[in-house]
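There are 2 protein chains.
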Amino acid sequence: MDNRPIGFLDSGVGGLTVVKEMFKQLPEEEIIFIGDQARAPYGPRPAEQIREYTWQMVNFLLTQNVKMIVIACNTATAVVWKEIKEQLSIPVLGVILPGASAAIKSTQTGKIGVIGTPMTVKSDTYRDKIQRLAPEMEVESLSCPKFAPIVESNQMTSSVAKKVVYETLAPLVGKVDTLILGCTHYPLLRPIIQNVMGQSVKLIDSGAETVHDISVLLNYFEINRNRKQKEAQHHFYTTASPKGFKEIAEQWMGRKITVEHIDL
Amino acid sequence: MDNRPIGFLDSGVGGLTVVKEMFKQLPEEEIIFIGDQARAPYGPRPAEQIREYTWQMVNFLLTQNVKMIVIACNTATAVVWKEIKEQLSIPVLGVILPGASAAIKSTQTGKIGVIGTPMTVKSDTYRDKIQRLAPEMEVESLSCPKFAPIVESNQMTSSVAKKVVYETLAPLVGKVDTLILGCTHYPLLRPIIQNVMGQSVKLIDSGAETVHDISVLLNYFEINRNRKQKEAQHHFYTTASPKGFKEIAEQWMGRKITVEHIDL
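In order, the protein sequences belong to chains A and B. Residue numbering for the first sequence follows our numbering, beginning at 192 and increasing consecutively. Residue numbering for the second sequence follows our numbering, beginning at 192 and increasing consecutively.
Don't read these hints as lab results, they were simulated from the structure. Do not rely on the hints blindly, as some may be mistaken.
A pair counts as met if it fits within one copy or between any two copies, since identical chains are not told apart.
What the hints assert, rightly or not - Calculated pairs, DSSO-like style, for lysine-lysine (alpha carbon to alpha carbon, straight line, at most 27 Å):
#1 K434 <-> K337
#2 K419 <-> K366
#3 K353 <-> K273
#4 K215 <-> K354
#5 K366 <-> K273
#6 K366 <-> K354
#7 K215 <-> K296
#8 K393 <-> K434
#9 K313 <-> K437
#10 K447 <-> K302
#11 K215 <-> K419
#12 K437 <-> K276
#13 K296 <-> K258
#14 K366 <-> K434
#15 K353 <-> K296
#16 K393 <-> K437
#17 K276 <-> K366
#18 K393 <-> K296
#19 K337 <-> K437
#20 K215 <-> K302
#21 K419 <-> K296
#22 K434 <-> K313
#23 K434 <-> K296
#24 K419 <-> K258
#25 K419 <-> K313
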């Protein structure tokens with residue numbers, strides 16, 4: 192038993208898709224979330240900058256006495272997960288391996304698509320992880336630089352969103368039977384993505400898969416929170432305006448939260 | 192990547208239910224299995240003896256250069272998992288936490304049954320783990336001392352087996368909606384158990400659940416076996432006669448294996 196919170200970090204609001212899944216699967220766990228909205232999206236930034244910003248969030252979470260850190264951002268996972276995991280004494284999870292592993296189990300044709308930010312696609316981490324586990328898989332990666340900004344600006348249901356998703360995903364349609372939503376922002380665009388790709392394509396939400404792994408690791412390291420404790424008090428921080436964050440977060444998660452501003 | 196084998200240990204043949212699931216879910220992994228058939232079942236033995244015997248198997252597996260150890264025996268897990276895990280530098284998994292965790296997710300009524308050996312039931316480890324994770328659950332434990340010997344003597348489909356299962360489980364019928372098969376031998380009696388408990392009762396195979404956790408931990412520790420390696424060569428050892436082991440093992444797993452005798 193360990194009643195300390197779990198720390199989640201993301202470049203912006205995308206990591207909330209993982210938090211939403213936490214509320215569903217592990218409601219007893221306490222969460223501290225930080226989104227670096229002031230500097231989102233991370234996708235187009237150089238690796239060294241992503242590394243620096245991510246470490247700043249990690250260091251903030253460590254001051255909050257977290258028992259585990261979840262890098263709820265594919266871009267940051269691709270660039271710096273391994274380094275952070277090796278340097279900290281608490282468990283550190285990324286979102287890429289759980290997504291890659293789930294896609295391998297899901298595909299029937301061996302043709303897996305991955306959509307992500309420019310940095311995630313450029314790093315080729317998904318292809319690397321998938322083909323290490325299963326060299327026979329074919330992986331089609333596609334960079335979707337416009338998706339995360341649409342979510343960050345809360346335009347998920349706009350006609351612009353539909354047009355952008357339709358045009359961006361066109362090269363993948365009909366080519367894969369499984370598509371990894373390789374950015375934690377993308378589940379907020381899920382209905383449009385599913386519509387464009389076709390109902391038979393299995394969409395893998397890397398964030399939701401990650402929560403299952405969090406559950407296994409909480410058990411393995413015996414650091415679950417005791418349910419007899421008082422109700423979990425979650426904390427949300429953003430480097431930008433709490434108002435904008437709160438609006439998207441409450442809409443997406445269907446619950447009221449308090450959001451504080453933080454400078455890193 | 193880590194191409195070394197995973198070590199499995201059990202008091203006898205029960206742990207093969209976990210190995211069978213490994214072949215299904217993680218066929219690329221190489222397995223070294225040891226069953227202490229000469230001294231099975233462990234269930235009625237005193238804790239100190241179970242501890243001693245289990246450590247003997249662990250030490251044998253360590254000489255085989257394994258990358259992970261799976262205690263594929265509920266009794267040994269209940270008595271000595273924590274100690275072994277704390278003392279080794281490689282990951283060590285037991286079968287109890289995965290089963291407990293799966294049962295909590297499965298139950299609708301909050302009434303969970305656990306069947307196991309006398310030692311597993313006496314240790315109350317399942318109740319302890321379940322109620323730590325979810326204090327609101329009611330747990331009914333039942334010792335089934337005759338089940339493992341039926342499996343070890345390959346009498347799974349006999350009329351004696353049916354009678355014993357029927358009589359033993361009677362106190363649980365109608366009282367739980369989820370039943371943990373809290374001994375890795377019991378999945379070999381699954382059709383009879385399901386029939387006695389009723390089709391609506393969800394049977395939790397702690398061994399099968401464990402394989403999912405193995406998969407997550409292989410990913411987390413980045414010690415998956417490279418699939419480009421030559422085909423996995425599995426090794427099976429028993430402290431008793433290889434003939435008897437081989438007979439049950441091949442029948443249960445539906446594949447030919449070689450079995451060697453080993454003295455501990």
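Now the hints, each set against the structure:
{"no.": "1", "hint": "K434 <-> K337", "in the structure": "within (23 Å within a copy, 64 Å between copies)"}
{"no.": "2", "hint": "K419 <-> K366", "in the structure": "between (49 Å within a copy, 25 Å between copies)"}
{"no.": "3", "hint": "K353 <-> K273", "in the structure": "neither (35 Å within a copy, 52 Å between copies)"}
{"no.": "4", "hint": "K215 <-> K354", "in the structure": "neither (31 Å within a copy, 42 Å between copies)"}
{"no.": "5", "hint": "K366 <-> K273", "in the structure": "neither (31 Å within a copy, 48 Å between copies)"}
{"no.": "6", "hint": "K366 <-> K354", "in the structure": "within (20 Å within a copy, 55 Å between copies)"}
{"no.": "7", "hint": "K215 <-> K296", "in the structure": "both (23 Å within a copy, 11 Å between copies)"}
{"no.": "8", "hint": "K393 <-> K434", "in the structure": "neither (34 Å within a copy, 46 Å between copies)"}
{"no.": "9", "hint": "K313 <-> K437", "in the structure": "neither (31 Å within a copy, 50 Å between copies)"}
{"no.": "10", "hint": "K447 <-> K302", "in the structure": "neither (40 Å within a copy, 33 Å between copies)"}
{"no.": "11", "hint": "K215 <-> K419", "in the structure": "within (18 Å within a copy, 38 Å between copies)"}
{"no.": "12", "hint": "K437 <-> K276", "in the structure": "neither (30 Å within a copy, 43 Å between copies)"}
{"no.": "13", "hint": "K296 <-> K258", "in the structure": "between (30 Å within a copy, 23 Å between copies)"}
{"no.": "14", "hint": "K366 <-> K434", "in the structure": "neither (41 Å within a copy, 51 Å between copies)"}
{"no.": "15", "hint": "K353 <-> K296", "in the structure": "neither (29 Å within a copy, 37 Å between copies)"}
{"no.": "16", "hint": "K393 <-> K437", "in the structure": "neither (30 Å within a copy, 41 Å between copies)"}
{"no.": "17", "hint": "K276 <-> K366", "in the structure": "neither (35 Å within a copy, 45 Å between copies)"}
{"no.": "18", "hint": "K393 <-> K296", "in the structure": "both (11 Å within a copy, 24 Å between copies)"}
{"no.": "19", "hint": "K337 <-> K437", "in the structure": "within (22 Å within a copy, 59 Å between copies)"}
{"no.": "20", "hint": "K215 <-> K302", "in the structure": "between (30 Å within a copy, 21 Å between copies)"}
{"no.": "21", "hint": "K419 <-> K296", "in the structure": "between (36 Å within a copy, 18 Å between copies)"}
{"no.": "22", "hint": "K434 <-> K313", "in the structure": "neither (33 Å within a copy, 55 Å between copies)"}
{"no.": "23", "hint": "K434 <-> K296", "in the structure": "neither (40 Å within a copy, 36 Å between copies)"}
{"no.": "24", "hint": "K419 <-> K258", "in the structure": "within (18 Å within a copy, 36 Å between copies)"}
{"no.": "25", "hint": "K419 <-> K313", "in the structure": "between (46 Å within a copy, 25 Å between copies)"}
In summary, the structure is inconsistent with hints 3, 4, 5, 8, 9, 10, 12, 14, 15, 16, 17, 22, 23 from the numbered list given earlier, while agreeing with the others.
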